[in-house]
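Engineer: Chain by chain, the residues:
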Amino acid sequence: MIVSSVFVDNVMDAPLFVLILASIFTAGGLWWALPWGKARRRSVGWVLVAAGLAMLSAMIPSVGSLLARSLLTLMSIVAVGSAVAMITSSRPLYAALWFGMAVLGTAGMLLFNGAQFVAMAVIVVYIGAILVMFLFVLMLDDPKGTAGFNRQSWEPLTASVVGAVLIALTTVTWLRHAATANGWSLAKETGKAIPDVVITRTVDLGNQLFLHYGVAVQALAIVLLLGLLGAAVIIAHPLEPLLDFKSRAVPDETPTANES
Amino acid sequence: MENTGLLMNYLLVGTCLFGLGVVGFLARRNLIVMFLSVELMLQGVIVNFAGWDRYHGQATGQVFVLFIVGVTAAEAAVALALILTLVRAREGLDVLRLQKVREDIILPPVPDEGEVREAETPSWPRLPRVGRRPDIPQEVLEYRPSV
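Residue numbers (our numbering), protein chains in the order written: chain A, 14 to 273; chain B, 264 to 410.
Pulled out of the complex, with its shape left as it was, chain B reads as follows:
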């Protein structure tokens, strides 16, 4: 019974860490804090493994904890590279600026051989840019109607 009580302590802490990580990932808007929330969820899993490991009196749980740590290290390297690239391109850690990661213009699909090409779009003349560049205020640039 003593062992079961100890195991419940570990399970409860693991569950709490996982749930708090979920809340952080859903609610926060900073890229790094979101990543750290995912790490918090992994911490919950680690605590869970440790509790069961001791309960069964084996060392297998520790092996899996080591695997989690190793995979986390690889994940952190890739995530760091991705975040650095995105920050360079979007000037900031706000996840809102990453809503549209795909390219703006998607080229039309290449037609198959033998497919009848119907009603080609006429080639309009390109107009040179004239006049003063409009001064768009920052609020208009960052306005997203969906938030």
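Bound-form chain A, shown alone:
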């Protein structure tokens, strides 16, 4: 009874909520992991205990900061690793799924910055809309990646060298810029310290979006509308096939230069 009233009064009080949740996780995990005399999967209990202890330790500020940074590192690794897996996977279906994983990593990095709304928008638009549409289109031709055009790349060595040089040059550029005396002097380094985990800045986003960028939002809406109209127009006028690959018949009677 006491616990429930405390819970109801302080739902927004994050540390207490985390404390209660961590205790519940630890106790439940220990209870599940202790031997009962019956065979069952006990690893679930160990995972729960680990989660509860991690949540407890996250309440210590320095450890919590370390956990947050390691979470950010994990998200970065997920994003970049999935990107590498995407461009190297010969099966286009798996390439699309790896792209979804890279988007999830990016959304996690956005979430770390306190951009919840934007992170959810990225997930919904990229994975929910774009990726699912293109998964359907992938089924049109060779989803298993057995055809030659999926097995063989254009100039793999040259493309890799170009990408690596681009990454290296960009990195060196901003590193050298940061190393100069007043490199990024616009930052409020001396102001109040920004905490490692930003809770939310969605209200700021809304103010910025509709107070300062209202015209731009309208323009974006018009661009979206025109994009939809353009897609409909393109679909409504299909191209004539140049050569029918299946029956090997030349489409008849194209106007020739001699006839005109």
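Cβ pair distances, simulated, as ranges: (1) 373(B) x 232(A): 33 to 41 Å; (2) 164(A) x 399(B): 20 to 28 Å; (3) 320(B) x 137(A): 20 to 28 Å; (4) 245(A) x 406(B): 31 to 39 Å; (5) 188(A) x 399(B): 52 to 60 Å; (6) 190(A) x 352(B): 42 to 50 Å; (7) 359(B) x 249(A): 25 to 33 Å; (8) 149(A) x 408(B): 29 to 37 Å; (9) 73(A) x 271(B): 19 to 27 Å; (10) 396(B) x 245(A): 33 to 41 Å; (11) 156(A) x 372(B): 38 to 46 Å.
One-sided and incomplete, this derived list gives chain A residues near chain B with beta-carbon spacing under 10 Å: (12) 99; (13) 144; (14) 148; (15) 162; (16) 169; (17) 177; (18) 237; (19) 248.
Covered stretches of chain A (chain B as the covering partner; in silico rule of three or more C-beta atoms under 8 Å from a C-beta of chain B): (20) 110-117; (21) 120-128.
If you're looking for bench data, these hints aren't it; they were derived computationally from the structure.
Idealized CB from N, CA, C, for every residue including glycine.
Dock chain B against chain A, hints included.
Structural biologist: Coordinates of chain B only, in the frame set by chain A:
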């Protein structure tokens, strides 16, 4: 200094995503994978915006991320329509079959008024098609000497 380290993490990830997208766009031959590589480059830009946004403590970067997402949605609609049309006409997602998107025969330009028309091409008689249609093997049909 802490903030600068955090910003560098974001900048590095953004740069890597952009470069990997470039590699995918240059190297892959599947239309859809090429399109997804472009999206990967946009993801790199998004990460970049997010890092600077937090570094300056404003929300302007998030606004631009939202604009990128919106423009991407429009771009995806148009790209989907284009890819569907091309796949219908060329029977496949191989970008090699799109090397020649223009029409085969380009009509001669219409002469200006008063321009002297010299040496008109004679009108040859059209011959009817006779004989058996040659059976061209698939390798010959798909052979491109430039690849």
